[in-house]
Every structure is written in C-alpha cells, then in structure tokens.
Amino acid sequence: GAGVSQSPRYKVAKRGQDVALRCDPISGHVSLFWYQQALGQGPEFLTYFQNEAQLDKSGLPSDRFFAERPEGSVSTLKIQRTQQEDSAVYLCASSGRGGLGYEQYFGPGTRLTVT
Amino acid sequence: AQRVTQPEKLLSVFKGAPVELKCNYSYSGSPELFWYVQYSRQRLQLLLRHISRESIKGFTADLNKGETSFHLKKPFAQEEDSAMYYCALRGTYKYIFGTGTRLKVLA
Chain A
14 GAGVSQSPRY KVAKRGQDVA LRCDPISGHV SLFWYQQALG QGPEFLTYFQ NEAQLDKSGL
74 PSDRFFAERP EGSVSTLKIQ RTQQEDSAVY LCASSGRGGL GYEQYFGPGT RLTVT
Chain B
663 AQRVTQPEKL LSVFKGAPVE LKCNYSYSGS PELFWYVQYS RQRLQLLLRH ISRESIKGFT
723 ADLNKGETSF HLKKPFAQEE DSAMYYCALR GTYKYIFGTG TRLKVLA
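Taken in sequence, the protein lines are chains A and B. For the first sequence, the working numbering begins at 14 and goes up steadily by one. For the second sequence, the working numbering begins at 663 and goes up steadily by one.
Please keep in mind that the hints were generated in silico from the structure rather than gathered at the bench. Glycine included, C-beta positions come from ideal geometry on N, C-alpha and C. Some hints here could point you the wrong way.
[Said to hold, decoys possible] Which chain B residues stay away from chain A? Per the calculated CB distances, all over 10 Å, these:
(1) Lys671
(2) Glu682
(3) Ser688
(4) Gln707
(5) Arg715
(6) Gly762
[Claimed, not checked] Only part of the chain B face toward chain A is listed, based on derived beta-carbon distances under 10 Å:
(7) Val666
(8) Ser702
(9) Leu706
(10) Tyr748
(11) Gly753
(12) Tyr755
(13) Ile758
(14) Phe759
(15) Gly760
[Stated by the list, open to error] A few chain B residues that don't get close to chain A, going by computed Cβ distances all over 10 Å:
(16) Tyr701
(17) Phe738
(18) Ala745
(19) Thr761
With these hints in hand, go ahead and build the complete structure from the sequences.
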C-alpha cells in the first residue's frame, strides 16, 4: 500500500507569505506527528494528533504555526507570515494505534525555503 | 529536561570493523528508546526499539539505565550500513530525536 505522502515536496516562499503543507497519512492510522528538521539537526517535534484531536502542540515555535486534522485523516500545517528561520524540512509521520509505542512511518518531507 | 545526545556527527569505519554509535539520554521516568535510520535518498525509518530487544540487520542496542545510554552496535560493519542514524526518546506524546550520527563504512 501507499506510504505517507506529503505535498508539495519543495516550496519557496517570500518572507511574509503564508504557506500550507499537506500530509496524507497511511489509511487508518490514528496517530499523526509533524516535525521540523533544520539543516544538520534531528527532527524536532511540532505537534501530535490522535484522530482529529490535537493532543500536544507544545513544539509549535510560535503562534504563526497552526496545524489541523479536521476529519482525522489528512493534516495541514500552516505557517503564516513566513520568516527566514522557518526554512527547514517539515516531516509528517503516522502510526497505526493511539499509543505511542508503535512504529512511526515517515513521509518524504516538504523542504521549505523562505527567501 | 528531556534530551537525547549523540556526541558524534560523523563516524567512519572500515568494512568488517565493529561499529558503536553513541546515544545518551536525559529523562525522568521510565524511558522508551528507539534508533531510526535514513539511507541516502530514502525516508527516515525505524531500525529498532529497546522494548523489542531484537537484532535488526545485525544491529543491537541495550538500554543502560545506570549510564542513561542506548548505544547502537554492530560487530562487523557493511558498506550498506552507511547512513544517517538518529536516536530517539519517547515522551508523553512527543518523540525527542538526537542530532544524528552519519556512519560511513569504507571499503
């Protein structure tokens, strides 16, 4: 079956623009995670959904970042008024159960470059 | 504070030599630890988790609570092991990743 997909794969935004990044998890997966990965760093947790409920958003770096998963499947990460420090790869991962002891399946990431 | 430390950015070994990728963690509670791997032009994927106590592709990792370590080991490195390796710790809802170690296995 298809794995986690993300779109777009690459996004160039001018500083101040809003962007929306999409994640399609594996069908039926309950848990969905967003991570930010800066160059040379490991993935940094942004937020976690269990179905449509956002249970943890402690990693969102500012109120310019917003994530949603309204029907418990597809998720969108929105960044308003992008800044240069937002340039990173944004990773989405899903896992099959509500608990966190299950394997996360990662998408290919969206590389965001803010100019 | 919850933290994962991977002290080596790059580790180069010759094919057939033993490999040890270091991971230390800080966590108040009973930790759950993982190793993830990213091969060139591929996605990040789970290599192994400490609760499974399994060997994957010849790699093992033992959780040492006294030393707060979860080092990844393989007795004989292969060229196909060259990749980026990340140690990760599971918190309440989030996963905390280290900065990664790039392993290069030289022919």
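Numbered hints the structure breaks, given as an ascending list: Failing hints, ascending: 1, 4, 6, 8 and 19.
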